[in-house]
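Protein sequences, first through last, are from chains V and U. Heads up, the first sequence is in the numbering used here, so the first residue is 1 and it goes up one at a time. Heads up, the second sequence is in the numbering used here, so the first residue is 1 and it goes up one at a time.
Every clue listed holds true.
Just the calculated beta-carbon pair ranges, DEER-fashion:
| id | chain 1 | residue 1 | chain 2 | residue 2 | range |
| --- | --- | --- | --- | --- | --- |
| 1 | U | S327 | V | T231 | 45 to 55 Å |
| 2 | U | R329 | V | E98 | 40 to 50 Å |
| 3 | V | G45 | U | R165 | 32 to 42 Å |
| 4 | U | D129 | V | H33 | 43 to 53 Å |
Computed far set for chain V versus chain U, every beta-carbon distance over 12 Å:
| id | residue |
| --- | --- |
| 5 | A101 |
| 6 | L289 |
| 7 | A313 |
| 8 | E337 |
| 9 | F464 |
Capping the alpha-carbon separation at 25 Å, the derived lysine-lysine pairs in BS3-like fashion look like this:
| id | chain 1 | residue 1 | chain 2 | residue 2 |
| --- | --- | --- | --- | --- |
| 10 | V | K151 | U | K198 |
| 11 | V | K420 | V | K303 |
| 12 | V | K52 | V | K151 |
| 13 | V | K485 | V | K423 |
| 14 | V | K52 | U | K161 |
Just so you know, the hints here were simulated from the structure itself, not pulled from any lab data. All residues carry an ideal CB built from backbone N, CA and C; glycine is no exception.
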Amino acid sequence: MGKRNLHFYLLLIGVPAIVLTGTAIYSLVHVQHRLVELRNSLMWGASNHLAKMVEERVSQQNGQLEQILNAVLEKQLVESLCEIRRTNPLARNVFVWEKGAGITFPGRDALSAEDQSFLSRYQRAFPPEHNWTLYGEEDAGKRVAPHSGVKRWVDANGLQLVVWRQVNDRCAIGIEVEMIALLARVSLLPSDWNAAIESVVLADSRGRLMQYGGGIDTLGRGAIYTVPLDTSLCPTWNIEVYSSLLDNRRSALATLLIGGALLSLLLASLFAGGFLLARDAARERRDALQKTAFVSNVSHELKTPLTNIRLYAELLADGHAKTPEAHGQYLGVIVTESERLTRLINNVLDFGRLEQQRRVFHLEAIDMAAWLQSATRALRGITDDAGMTVTLACPPDLRARADRDALSQVFLNVIDNACKYAKDGKTIDITFDTAADGTLTLAISDRGPGMDARHAQRIFQRFFRVDDSTTASVGGCGLGLSIAKQLMHGMGGDIRWQPRDNGGSTFLLTLPTDH
Amino acid sequence: MNDSLRTVRPRGRGWWAAAVAVAALAQAGTAGAMTCRVEPVKSVLAADASETMMVKVSLKGGVAPAMNRAPINLCLVIDRSGSMQGERIARAKEAAIAAVERLTAEDVVSVVIFDNQIDTIVPAQYAKDKASIVSAIRAVQSRGSTAIFGAMAQAAAEIRKNAHREYLNRIILLSDGQANVGPSQPVDFGRLGVSLMKEGISVSTVGVGLDFNEDLMTNLSGKSDGNSYFVENSDDLPRIFSSELGSALSVVARKVSLRIDFAAGTTPLEIVGREGTINGATVTLDFNQLYGGQEKYVLIRAAFSPGKDETSRPVATAEVRYVDATSSRLERLTATGSVRFSKDLERVRRSVNTDVLLEAELTEDAIATEKAIRLVDEGKSKEAAIVFEAQKRRMSTLAKEQPALKPAAMSRASMQEVNYSRAASGSFDARARKENTRDNYEVLNQQMSP
Numbered sequence: 001m002g003k004r005n006l007h008f009y010l011l012l013i014g015v016p017a018i019v020l021t022g023t024a025i026y027s028l029v030h031v032q033h034r035l036v037e038l039r040n041s042l043m044w045g046a047s048n049h050l051a052k053m054v055e056e057r058v059s060q061q062n063g064q065l066e067q068i069l070n071a072v073l074e075k076q077l078v079e080s081l082c083e084i085r086r087t088n089p090l091a092r093n094v095f096v097w098e099k100g101a102g103i104t105f106p107g108r109d110a111l112s113a114e115d116q117s118f119l120s121r122y123q124r125a126f127p128p129e130h131n132w133t134l135y136g137e138e139d140a141g142k143r144v145a146p147h148s149g150v151k152r153w154v155d156a157n158g159l160q161l162v163v164w165r166q167v168n169d170r171c172a173i174g175i176e177v178e179m180i181a182l183l184a185r186v187s188l189l190p191s192d193w194n195a196a197i198e199s200v201v202l203a204d205s206r207g208r209l210m211q212y213g214g215g216i217d218t219l220g221r222g223a224i225y226t227v228p229l230d231t232s233l234c235p236t237w238n239i240e241v242y243s244s245l246l247d248n249r250r251s252a253l254a255t256l257l258i259g260g261a262l263l264s265l266l267l268a269s270l271f272a273g274g275f276l277l278a279r280d281a282a283r284e285r286r287d288a289l290q291k292t293a294f295v296s297n298v299s300h301e302l303k304t305p306l307t308n309i310r311l312y313a314e315l316l317a318d319g320h321a322k323t324p325e326a327h328g329q330y331l332g333v334i335v336t337e338s339e340r341l342t343r344l345i346n347n348v349l350d351f352g353r354l355e356q357q358r359r360v361f362h363l364e365a366i367d368m369a370a371w372l373q374s375a376t377r378a379l380r381g382i383t384d385d386a387g388m389t390v391t392l393a394c395p396p397d398l399r400a401r402a403d404r405d406a407l408s409q410v411f412l413n414v415i416d417n418a419c420k421y422a423k424d425g426k427t428i429d430i431t432f433d434t435a436a437d438g439t440l441t442l443a444i445s446d447r448g449p450g451m452d453a454r455h456a457q458r459i460f461q462r463f464f465r466v467d468d469s470t471t472a473s474v475g476g477c478g479l480g481l482s483i484a485k486q487l488m489h490g491m492g493g494d495i496r497w498q499p500r501d502n503g504g505s506t507f508l509l510t511l512p513t514d515h
Numbered sequence: 001m002n003d004s005l006r007t008v009r010p011r012g013r014g015w016w017a018a019a020v021a022v023a024a025l026a027q028a029g030t031a032g033a034m035t036c037r038v039e040p041v042k043s044v045l046a047a048d049a050s051e052t053m054m055v056k057v058s059l060k061g062g063v064a065p066a067m068n069r070a071p072i073n074l075c076l077v078i079d080r081s082g083s084m085q086g087e088r089i090a091r092a093k094e095a096a097i098a099a100v101e102r103l104t105a106e107d108v109v110s111v112v113i114f115d116n117q118i119d120t121i122v123p124a125q126y127a128k129d130k131a132s133i134v135s136a137i138r139a140v141q142s143r144g145s146t147a148i149f150g151a152m153a154q155a156a157a158e159i160r161k162n163a164h165r166e167y168l169n170r171i172i173l174l175s176d177g178q179a180n181v182g183p184s185q186p187v188d189f190g191r192l193g194v195s196l197m198k199e200g201i202s203v204s205t206v207g208v209g210l211d212f213n214e215d216l217m218t219n220l221s222g223k224s225d226g227n228s229y230f231v232e233n234s235d236d237l238p239r240i241f242s243s244e245l246g247s248a249l250s251v252v253a254r255k256v257s258l259r260i261d262f263a264a265g266t267t268p269l270e271i272v273g274r275e276g277t278i279n280g281a282t283v284t285l286d287f288n289q290l291y292g293g294q295e296k297y298v299l300i301r302a303a304f305s306p307g308k309d310e311t312s313r314p315v316a317t318a319e320v321r322y323v324d325a326t327s328s329r330l331e332r333l334t335a336t337g338s339v340r341f342s343k344d345l346e347r348v349r350r351s352v353n354t355d356v357l358l359e360a361e362l363t364e365d366a367i368a369t370e371k372a373i374r375l376v377d378e379g380k381s382k383e384a385a386i387v388f389e390a391q392k393r394r395m396s397t398l399a400k401e402q403p404a405l406k407p408a409a410m411s412r413a414s415m416q417e418v419n420y421s422r423a424a425s426g427s428f429d430a431r432a433r434k435e436n437t438r439d440n441y442e443v444l445n446q447q448m449s450p
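Bound conformation, chain U alone:
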């Protein structure tokens, strides 16, 4: 990942610009822990014409309180299979120990290690006797094969021991291998992630080296609203763990459920890049948590029926229900968004919310990239190259049409050009696949960079 690419991430931009642009039309909802907004790509639509357009509904976490954070219920799941031997297991242990050291006596921690055998070396307990927890981690040695599924089942069981409490539940899975004992399909792990998410358990995955199955890892973390990391060099492990724990400790809201009711005249067609439910005019989605300063959003493609010149009408009302991480109280928050109709096409053109446009474009780009990766997997490198090429052109066009988005769009276009040449020459290798998968993940899940 190069630095220029980092700049396209949502966290790096001033969202206030968008707020100013739509201030007249949208009413943002703000409570202590978060702000909610409903923003269509264009705030002014051509009058008397039907149109299909993206609507962004975003949640932005407020500043995490330095004190009185919610206790965390953490389970570290560490691969000790034979391939972890040497530097990797040593760094993983170091990282796990550093994570344990950051916990306070109110937090709960458990440690599960696995090869083909699964051992709970630290059963769920308060992080009081850190010395004995640390010595249990230190004693871990590498061996055997990789039973990720069994280890996850065990980790979930450890988390469930304290599931009734108001904890932030988190599993951190560290592995460098393919699941080769028990279920091993990425889709199975995606389903497991969905199920864990419903229990309020997020799984963050840390893949080490180039041999792990990134689809499995991203499916698991993506569907459970956790983070996903790819670490080629095990030296980065302590930093990744620290960042992961840091973000987990900065959670401002838990059990976030979002319900978007579209107003008459606007019909939701598709949720882009996320999983949610559309039932008539209602879209529902869940997030396990929102971190301090993090923006999470959902993009919905919606059909707008024609409107008369110089009228405005509401697009949708978003309702957020969540548990405030500090007070553990259930909170509710609403926000609405609306559009105007105009015959003045210049006004329509100027009403584009470039931030929302960029996010929509990047999301579509990530989805296209995922599709191209699947084509490469199927041995259809030529077809994949065509997709990459098309994305490159699309990003270049975006850069031309929207000067404000030029740096981000050009950087993405050059990335797609690299992908194109790799796919065309048949050199789209494991590293390229992992890097692209990670970038897609960060875009689609609005993951904050470590």
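The shape of chain V in the complex, shown without the other chains:
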């Protein structure tokens, strides 16, 4: 692949990847933002709802106390009030106020500790001149007489409430509300609240926590929301919401992490996919080129012996062979060329079978010395024609486990190559070596021009032919060594090339020995 092509592919993959990731991160941030907003508004709504509930509960309890006060009979003020204090859980203290005299009940004598604490609270909250029957509030220019109501004030213990009513224009009665009991009746947590991540708190403006719902600790956390309650009902009271979710810094970091991971993943997968596609495309292209070369090679290889056979056959048919010597020579050529043709076609057929993995190997013990003698003899025609001499150095009793036909085929292909490309070296040396792991190596060396070491692997690939001056003048279809490799693998062995010292090539055939 050219450098320009590579850049083109990188651009083709990288740009959409970056655009996609950018879009994804943008949507993620957007969605996150929307979620936070949604949650915020939900929680805001929920806390406002809670605030309303608390207000309602407080005003409902106050209303009940007001009704109770309204039912008090003027004739039995003290008795009725004492009964209220005795039985009503929300009534902490009761009092009777009279114009000019101030608080007349609880009286000045026989006071319990609670009576005393009430009187001191009352004195701190209301000046002596405080008049419960005075026309107090002005409404649209008219003086309106509040006949009853709720008086609120805040002291060291927080909000205090007194529910009161006028009995007549000289006398008023009231109930001091039991604030702790009121608080105990304010249940905060709605059932659908997620207690594991949110807490809701009823606190006053001094930060005193009064009611608490939820599972997270409020210590060291800031409230997300503070919803103040209606100041005319529960002044200084707030609903505060705490959450472990809406921590903006953490969520930004999370978005960044997710975005980064997404980008890396996307880029990695796009580049990996692109690389695989590009590699496959390059391989397809190379295969197509090799197949074209193969077809043309094979055609050429078929045509050359066929032309010779036809030429000499015609010469014979036309009676050009005048002498018996010429006759024999012509027939010899036809036979040689036919053999060459047969070898070529066998190779192509073998290749087909091997490619489809239809070749079955019949492994047997082979006495290497005997086999080598006969194989060399069988190939004498080729070696003699090339003017090569074969030297053998085979120890006796060396037995390999192999398929006899396959091994002969490999041997033929390697020797044939040597005859084709290393003619000038004149000799082919065959030696043996056995290794400790039970394999034997058959080394077939020539003294030819050798080969560039970078082709060491590729010469065993199908259709590959080293592209240089040596191969240019010699026919071939790039199948011989590929077939040899597959056959050797099929027999549990291997074939490798290595350069020979002082020039030339060595093919090493390894095979398992037979014990």
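Assemble the complex: chain V is given as a structure, and chain U must be docked to it using the hints.
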């Protein structure tokens, strides 16, 4: 708490002795469920002299019926904060399970557990499917901080679900810690107790270990007429729960309200050791319940105007209204007490009701001890030591003057001596504080010992 101290408790004495002593002068009221008495410390007063003296008005529960007891509406509130980890939570669960096992299908039970989060693991329900209730309790694990107030609010809400019925309402709170989420002041819990009492809900508290706030616990149980326990060793929990439940199951009267009308010549000045209302000559008090065999009383300091020699006059009439726990009917009961006047001072001296005297003395002693504890809290150990010392002397004097009260008074005197030496040496520690608080509680509330 040593055993000699136990003997001073009201339950251990024969109240019949007092009954005989005042038989001529007082008329006790008895109904099926209880007996009511009005007893001044002395039944004979010096003639022509004004005097201030304690008057005891007591209620004693009859024998609880073994059958047909009133159903109980029980809420167990269990602390599962981090400090309960290990043995404590295991024993607490065991105790709660044992309590559930004692209930019958008519009883209602709920279980609230809390740390900073409050969970109602068993909403109020009839104790029928005990297996599922028990498995919910077993699943409790310790964690977090201590939201006692929120848990109490939740428990009260569970009790209220059945509040309209004729149940005996009871919350048992078990905690080993300080309330650190929400309101945490003992006085706030006292107010909560007062409020719950008005709803007929009693809270019994069980403090475990040495870290819990005993003031908070005793305030809550005291003001709601429940019991208070201090358990240093969690092994005692099952026994405490069993006793608490046993007493709750033996209730003979509920919603007990007592009204005491003092007769002319006698003016109530102060209710000693209990909270009640004095309105003129009338004193009113409420109790949530009275247990079988238990005596509850109120001591009122009253001023007696002079009387002529050899005359007698009524002191007060007590009227009790209550719901009979068995029949669920509203009952009424009255009793009166009277005094004689005499110039014979020996007769006056002999008329002392030693039981009432002892109760009055022990109550005053408990109040003085509470005051001394507050002094220790404020860092005034020396002043506290002086109070303890004075109480020791007072008890010793009582022992000398009243031979009949010697064992009880001496035992109390020795206890105060221990307190004195602790306060004087600055070693009045959390355990001493808790033990004294518990003893005071048992005296002031006439709690029956587990």
